[in-house]
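Please build the complex by placing chains L and A on the supplied structure of chain V, with the hints as guidance.
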Amino acid sequence: MKPLTTEQIRAVIARGKLKDNIFKVMGIFCLSLALVVIVALIADMVIKGSERFTVDFFLNFASRHANKAGILSAWVGSLLVMFVTALAAVPLGVAAGLYLEEYAKRNWITNIIEINISNLAAVPSIVYGLLALGIFVYQFGFGQSILSAGLTLALLILPIIIVSTREAIRAIPAMIREGSMAVGATRWQTCRYHIIPYAMPGILTGVIIGLARAIGETAPIITIGALTFIAFLPPAPFSELGDGGTAGLFDWVMAPFTVMPIQIFNWTSRPDPAFEVNAAAAGFVLMAMVLSMNAVAIYLRYKMRKNIKW
Amino acid sequence: MQIQETPALKAEARNLNFFYGENKALKNINMPIYDKKVTALIGPSGCGKSTYLRSFNRMHDLYPGNRYEGEIRFFPDNTNLLSADVDPIEVRMRIGMVFQKPNPFPKSIFENVAYGLRVRGENNRRVLDDKVEHALKGAAIWDEVKDRLSELASNLSGGQQQRLCIARALATDPELLLFDEPTSALDPIATGAIEELVHELKKRVTILIVTHNMQQAARVSDYTAYMFLGEMIEFGKTDEIFIKPQDKRTEDYITGRMG
Amino acid sequence: MSANNTTDLSQVSNRLAYNAMRNWKEKLIEAILLGAAAISVLTTIGIVYVLVSESVHFFSNVSIVDFLTDTQWTPLFDDAHFGIMVLISGTLVSSAVALLVAVPMGTIIAIYLSEFADSRVREISKPILELLGGIPTIVFGYFALLVVTPILQYFFPTLPGFSLLSAGLVMGIMIVPYIASLSEDAMRAVPMSMREGAYAMGSTKLYTAIHVVVPAAISGLAASYILAISRAVGETMILAVAAGMQPNLTWNPAEPAATITSYIVQVALGDLPHGSIGYQTIFAAGLTLLLITLVFNILGQWLRAKYRENY
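Protein chains in written order, with the working numbering: chain V, 1113 to 1422; chain L, 108 to 366; chain A, 262 to 572.
Chain V on its own, in the form it takes in the complex (with noise of 0.2 angstroms):
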């Protein structure tokens, strides 16, 4: 074979320089697409549903007429469940990643945590409903209350709040855990003073990250059977009940509820097009809170990045 001569190498490298540039046009092309889904997401909601952004709508109870219906008791179940949620989540969370990063030996019960968690992160959400209705629901008798759903979605964000505790505690340095066992401080001294102080940072972010997945999950909880329809508010407490009764503090864990996801779910259903507008104005808000808390664990993961230097 002949050696190729110059003129033949460039049309190699031309070809090759076209073929990379066709790829270029791909990669920015199918990157826009993603941030026209996002703009088209949103500026469909914002639209069709400008006409229910009335302080009314935030207001109102669900109602048979379409323009009467509001979000109340969805924001507020939303509110109520994500506080039971955080609630269990973030303390089993975070005492799992210490756990795992700070005391675990390296042996076959840590192996087999360890395996579980990864592999939970794989298992539809659904089926974390389908735990909660044997085991919350008619187990343990919570009912469809907000207990049982704080508790589901508790049990769905648990891997992403272990991870992300995990992740922030490796990024220590092992020097400030020697540091602090060298000064005579136990081991639960160290993560109590040092450890968890220092990770806080990115707990945070793994924390908002999760609630924020578990604010917009709605198949969970309509497995466990909450409602689509309520037109009124869990007790607060120690208000008047109607039965004339008094409110414990805690009554509210029991009662009925709906979630925003659902009262979208149930309004997107509805074959009368004049809901529409209604799911589209509750989308926007639910996008709304997804997206600014979101949009914190990232500006908070990004800022982390930029000051820490050890």
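In case anyone wonders, no lab produced these hints; they're calculated from the structure.
Careful: at least some of the hints might be erroneous.
[Unchecked claim] Derived DSS-like pairs (lysine-lysine); straight-line CA-CA distance at most 30 angstroms:
1. Lys-253/L to Lys-214/L
2. Lys-567/A to Lys-253/L
3. Lys-1217/V to Lys-387/A
4. Lys-1418/V to Lys-214/L
5. Lys-214/L to Lys-1136/V
[Said to hold, decoys possible] Here are some of the chain L residues that sit facing chain V, going by a computed Cβ distance under 8 angstroms:
6. Asp-194
7. Ile-196
8. Met-200
9. Gly-228
10. Glu-240
11. Lys-244
[To be verified] Sample of chain A residues lacking proximity to chain V, with all beta carbon distances greater than 12 angstroms (derived):
12. Asn-284
13. Leu-337
14. Phe-416
15. Arg-492
Positions of the beta carbon are idealized from the N, C-alpha and C atoms, including for glycine.
Relative to chain V, chains L and A alone:
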């Protein structure tokens, strides 16, 4: 005694400066590379010898913020390799390179060697077979791998991998072959095999080799350049550099007083 | 003098003595933390227990052969049929549509970000992708039903209002960020020396990416595709909203059909008594779903072990 003839030039650095961003890494380097000879670059770590070597095939163009000044003239056609209108890809097709750590591609032994030919658009199986065999023989590894050409290259030992990488570079008949400390990750026996190979290869191709090991430079090279802090301190025939260096700094380095 | 010295020494040795109280507290804390970590194992056990025990009840009423071979799914009719293939077909068709969108798009984005884009483009793109991945699926469902379906109907007037196609397309977009981000991580983990080797041979960027970087990162790419399959198979709300919920044994994406997940939603929305056969069907369906994702995950782990990178 025979009258000494100056060999033909293959390349020549002229007033070469190089910058990593603001940081000037090469300072006004002038140096010839003679055709079909082995030229060794020695000097303490961080002296700029790898930076200099990587200028020849424009590897610095892969990263943003790098800048060349001056020229590297390439002969016989007298092109300035660093000129803005010379395509780095074309430069790399003419100049082969072997790296510090063996870096075979995640492909079969055969496909590793055929890689450069395929890049050039050659897909004729007969031509590929022929060229791959020739290159593997040239890199003195044919006998070891001829029965396992379809195995993954990563199954080979470190020394074999490095000879495979040499075969990969040879397959496309480069005019100049750059070696960037090719034996620093290898054991003494594998190192010996590579050094022998370099000696053999200079019949076919011009070689520029960076080494951190002075004995290696003395063993394999015809010419040696000593670099220090981005400057070319001394260049000359290897015997002369090692026996009677002209510059105090070269002498300090060679005698082990420095570096 | 000497007496003083003795007391001093004994105090010192007392303080350094093994402190049973402190040690007990440390052990307690460790046990509590271990308990928290064990919750994840309990979750798995709980899932398996619930699905299997309810399914056992179910299969005492319905034979497994019927379950796997029947071509109708009518558990709530008088003439009840329990052919899970009906639901599996909807699940597989919608997942296939989603993957046909997500795998090429996600891979192209990953290659572009890892091999072509400069750091500024990458820093802007990654948060955008993350935001896309964070959008609640119910919102995607809304988008599929009320935005994408009408657009598709404009081009294909025969497309029904509910279809696997439109749900699958939107599901694909939803999955893109997962593939893009995991694949990009895998490709960026490929050592620079390997790329340099390819560039030194005169390859162009795309040639290097396809012939060197992608093969080197193949197990990471495979893992991202497997995760994508799990997401698609387990996705619920987009399908419940946009694909219709009537059981339909079909391989045609242009038809409406129920999936395993949307069937569970449909039953949960109704008011089935605890312990009835209808109630048990959702656990049998859930077990099927879990087994399908399990198969893909094992496949993924096997692939990863087979093509483990050793740089």
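Arg-492/A clear of chain V by more than 12 angstroms, beta carbon to beta carbon? violated, 8 angstroms
Taking the least C-beta to C-beta distance, is Glu-240/L closer than 8 angstroms to chain V? violated, 13 angstroms
Please verify that the nearest CB of chain V lies beyond 12 angstroms from Asn-284/A's CB. violated, 9 angstroms
Holds or violated: Gly-228/L as interface residue toward chain V, Cβ cutoff 8 angstroms? holds, 5 angstroms
Was the hint right that Ile-196/L lines chain V, CB cutoff 8 angstroms? The hint holds - Ile-196/L has a Cβ within 8 angstroms of chain V, the shortest such distance being about 5 angstroms.
Is the straight-line distance between the alpha-carbon of Lys-1217/V and that of Lys-387/A 30 angstroms or less? violated, 36 angstroms
Examine each Cβ of chain V, and state whether all of them lie more than 12 angstroms from the Cβ of Leu-337/A. holds, 17 angstroms
Checking one constraint from the list: CA of Lys-1418/V to CA of Lys-214/L, max 30 angstroms. Satisfied? Roughly 39 angstroms between the alpha carbons, so the hint for Lys-1418/V and Lys-214/L is violated.
Interface restraint verdict for Lys-244/L against chain V (beta-carbon cut-off 8 angstroms): Interface hint status for Lys-244/L: violated (16 angstroms vs cutoff 8 angstroms).
Distal placement of Phe-416/A relative to chain V, Cβ over 12 angstroms: Check passes; 17 angstroms lies beyond 12 angstroms.
Verify the interface restraint on Asp-194/L: the C-beta must sit less than 8 angstroms from at least one C-beta of chain V. Hint holds; Asp-194/L Cβ to chain V Cβ min 6 angstroms, cut 8 angstroms.
Is Lys-214/L within 30 angstroms of Lys-1136/V, Cα to Cα? The given pair, whose Cα atoms are some 25 angstroms apart, holds under the 30 angstroms limit.
Against the hints set out earlier in the document, violations occur for numbers 3, 4, 10, 11, 12 and 15.
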